[in-house]
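Line by line, the protein sequences are chains B and C. All letters in the first sequence, in the order written, are residues 179 to 461 by our numbering. All letters in the second sequence, in the order written, are residues 95 to 246 by our numbering.
The hints are simulated quantities; they were obtained by calculation from the structure and are not laboratory data. Take these hints with a grain of salt, some might be off.
Have a look at the derived ranges for each label pair, beta carbon to beta carbon [to be verified]:
(1) C/129 with B/298: 19 to 27 Å
(2) B/308 with C/156: 28 to 36 Å
(3) B/379 with C/171: 35 to 43 Å
(4) C/169 with B/332: 48 to 56 Å
(5) C/174 with B/287: 37 to 45 Å
(6) B/367 with C/121: 41 to 49 Å
(7) B/263 with C/129: 42 to 50 Å
(8) C/130 with B/191: 57 to 65 Å
(9) B/443 with C/129: 45 to 53 Å
Covered by chain C, according to a simulated footprint, are these stretches of chain B (three or more residues, beta-carbon under 8 Å) [said to hold, decoys possible]:
(10) 187-196
(11) 258-272
(12) 343-354
(13) 433-443
Given the structure is predicted, the values throughout are model-derived calculations rather than measurements. Here a beta-carbon is modelled for each residue, glycine too, at the ideal position from N, C-alpha and C.
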Amino acid sequence: MKKIRVLIVDDSPFSQRLIKDALKESKYEVCGCAGTGRDGIHQYRELQPDLVTMDLTLPDMDGLECCRELLTIDPASKIIVVSAMKDEAIINRGTAIGVKAFFQKPVKSEDLLAGLERIITQQGNAADQQHFLKYFIAAFTKNIIDMTGMEVLSVDHSMNQALVSHGLGVIIGITGSQQGRIMLDVSMDVAQQFTKKLLGNAVVTDEDVFNSISEFTNIIAGHSISEINNVLKAKEFEIRLTPPSIIIGESIAIINPKMTSNTVTARTAIGSLHMNVGFVGGK
Amino acid sequence: MDVKMINPFIDAIMNIMPQLGFQNVVKGKLSVGEQFVESKGITVLVGLTDQLRGNIAYNFTEVTAMSIASKMMMGMPVATLDDLAQSAISELTNMVTGNAATHFEKDGLRVDISPPSLVVGEKFKLKVSSAKFLVVEMIADSLVIELNIGIE
Chain B
179 MKKIRVLIVD DSPFSQRLIK DALKESKYEV CGCAGTGRDG IHQYRELQPD LVTMDLTLPD
239 MDGLECCREL LTIDPASKII VVSAMKDEAI INRGTAIGVK AFFQKPVKSE DLLAGLERII
299 TQQGNAADQQ HFLKYFIAAF TKNIIDMTGM EVLSVDHSMN QALVSHGLGV IIGITGSQQG
359 RIMLDVSMDV AQQFTKKLLG NAVVTDEDVF NSISEFTNII AGHSISEINN VLKAKEFEIR
419 LTPPSIIIGE SIAIINPKMT SNTVTARTAI GSLHMNVGFV GGK
Chain C
95 MDVKMINPFI DAIMNIMPQL GFQNVVKGKL SVGEQFVESK GITVLVGLTD QLRGNIAYNF
155 TEVTAMSIAS KMMMGMPVAT LDDLAQSAIS ELTNMVTGNA ATHFEKDGLR VDISPPSLVV
215 GEKFKLKVSS AKFLVVEMIA DSLVIELNIG IE
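With the hints as constraints, model all of the structure from the sequences given.
If you want it as structure tokens, here you go:
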């Protein structure tokens, strides 16, 4: 198996040695050691490691400053801080910049390995999360048909990072063992037509539209998550939903920085409904 | 909804902002909102569930969001709300809501929070899950963050 390459940025040869020893005979290999922030940035560009361990006190710059520069060069870089200092302020400032985890020196081998494992498996989680999408697609199409009597003419899906609303979006947060959100997005016109179908009324108010589309989203999310919870079984893996919020406005971007999401578009006789489902790394 | 519900959020801002480099953090106006939150340009939504259910909408102007992101990144100039700045603002709301959740837990209320959704646009409004919500302004070094707290 290909080893996971780690760059150590630490000015103390003793600390470099401790981290190297901690990673010995594991699936990680140390591909470089830098004693200054500048050298760390230089080696990062050259070596393109999978992970970086960062000390906070470097001779030429603050360690968090160095993290920020690395994340500017490569927003996907995975950095952990290994430092003598570890307090709430450091964790909050570091997390704000994008640091994945914090360890206090002297770090124990098992703690470091477990921490790195968590960061690496966050990527692996993507496969599970992709697998969850089928439950959302099933609940989405089934409820359009069951609740309105309309046919679903076609279902397409695409992966995307940024999302632009069509007029009315309902967002429901996903939390528990998996973190993410589901969003249903329609144009105002489709929202009105769809509400008429849901309520079986020829005339609907804005309030009817907001309530109906938000409850429709809640039902899709509830059905999907119940199915997923049945598959995940154990209580500690349970997923929960937060209540819906509604966004009204056109050309609105909805951004979840750490999230990759899928948009599923269902075409019906009255127009298209878009459901977007995204997850970030699990807990 | 009980007006005391805002205290954990105020405490969270008072606790977190100084750690990110803000010197002077004070509470501004408090009011009750109905129906819609009018966005100032950047609104971040965070959901709450478990023993407390609701939504928090953090409302900023774009200039304020950029100034906060810049300070969080140790003074790095932020000219547009790029990926790094978006991530910083999301992380701020995540920290504040997480910190408030910890305060609620100390009072015996279990709260779980969703990842933040950052909403950006020219003109839009939002409905948080309750018809009435509390609006509190927090001012950090003259930058105004408006919290709209809707708890069911």
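Do the hints match the structure? See the list:
1. C/129 with B/298: 19 to 27 Å: violated (46 Å)
2. B/308 with C/156: 28 to 36 Å: holds (34 Å)
3. B/379 with C/171: 35 to 43 Å: The hinted range 35 to 43 Å is violated for residue 379 of chain B and residue 171 of chain C, with Cβ atoms some 54 Å apart.
4. C/169 with B/332: 48 to 56 Å: holds (51 Å)
5. C/174 with B/287: 37 to 45 Å: Holds - the Cβ-Cβ distance for residue 174 of chain C and residue 287 of chain B, about 43 Å, lies within 37 to 45 Å.
6. B/367 with C/121: 41 to 49 Å: holds (42 Å)
7. B/263 with C/129: 42 to 50 Å: 47 Å Cβ-Cβ, so the 42 to 50 Å window holds.
8. C/130 with B/191: 57 to 65 Å: holds (60 Å)
9. B/443 with C/129: 45 to 53 Å: Since the Cβ atoms of residue 443 of chain B and residue 129 of chain C sit about 30 Å apart, the hinted range of 45 to 53 Å is violated.
10. 187-196: violated (count 0)
11. 258-272: Holds: 4 residues of the region 258-272 of chain B have a Cβ under 8 Å from chain C.
12. 343-354: Our answer is that it holds, as 7 residues pass the Cβ test (under 8 Å) against chain C, meeting three.
13. 433-443: holds (count 5)
Hint compliance for this structure: hints 1, 3, 9, 10 are broken, all remaining hints hold.
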